[in-house]
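*Asks:* The chain contents come next:
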Amino acid sequence: AQKITQTQPGMFVQEKEAVTLDCTYDTSDPSYGLFWYKQPSSGEMIFLIYQGSYDQQNATEGRYSLNFQKARKSANLVISASQLGDSAMYFCAMREMDTGNQFYFGTGTSLTVIP
Amino acid sequence: DVKVTQSSRYLVKRTGEKVFLECVQDMDHENMFWYRQDPGLGLRLIYFSYDVKMKEKGDIPEGYSVSREKKERFSLILESASTNQTSMYLCASSFRQGASSPLHFGNGTRLTVT
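The listed protein sequences derive, respectively, from chains A and B. Using my numbering, read the first sequence as starting at 68 and increasing by one per residue. Using my numbering, read the second sequence as starting at 1203 and increasing by one per residue.
Don't take every hint at face value.
Quick list of simulated restraints, FRET-style, between CB atoms [claimed, not checked]:
#	chain 1	residue 1	chain 2	residue 2	range
1	B	Tyr1212	A	Ile113	19 to 25 Å
2	B	Thr1288	A	Asp96	32 to 38 Å
3	B	Ser1209	A	Asp96	31 to 37 Å
4	A	Asn168	B	Thr1288	23 to 29 Å
Calculated directly from the structure, the hints in this document are not laboratory data. For glycine and all other residues, C-beta sits at the position ideal for the given N, C-alpha and C.
Please work from the sequences and hints to get the whole structure.
*Replies:* In structure tokens:
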């Protein structure tokens, strides 16, 4: 079974609007971390935000927030007030405490911000 | 800030050549990883290392080997390059302990095998 599933290959959003990128995960480990990365066309992978499985609050970093629904095993990324520079690939990833050396990645969502 | 440096941004090699991709990190991370990225397939793990001289196979190790002689350096070796190894290669590192330590990536190497 896939550890991380991103069901949206491509998304479009109007500039200044908010957008939600979906991510669901599969684990039986009670201790895990969830991460989102941004990959612009230049290729580098940029770490955006982290959510721990025991965190009570949803993580936020500037315009990025993570909508963490533990019972549904979802960790959606919300980008508020989209900017043209947000156009990129976005990857969701998970790291389990039991297999702490491995990271599991989704296949990514390509976001295009329309002026 | 963590810095993960990959030796080449773009590389063009011929079929059958032995290819070395080098990666250096400056944050004393125990774990280092090599991924391959292809359109529609996401990131696939080739090899990772959790300590000097230690290595573990990832999902697609065939045709590749690795070397970690020093903690800060992790090399990916294509023993005999083939055209199906044309891809983007990403090196990354992290601390070993805990689920909260993120991966830090290099800028990637776009390898073309002709």
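*Asks:* Hint says 32 to 38 Å; check whether the CB-CB distance for Thr1288 of chain B and Asp96 of chain A agrees.
*Replies:* holds (36 Å)
*Asks:* Taking the beta carbons of Tyr1212 of chain B and Ile113 of chain A, is their distance inside 19 to 25 Å?
*Replies:* Given a distance of about 20 Å, which is inside 19 to 25 Å, the answer is holds.
*Asks:* Between Ser1209 of chain B and Asp96 of chain A, does the beta-carbon spacing fit 31 to 37 Å?
*Replies:* holds (35 Å)
*Asks:* Quick one: are Asn168 of chain A and Thr1288 of chain B within 23 to 29 Å, going by C-beta?
*Replies:* For Asn168 of chain A and Thr1288 of chain B the Cβ distance comes to about 28 Å; the hint holds.
Consistency note: the structure conflicts with none of the earlier hints.
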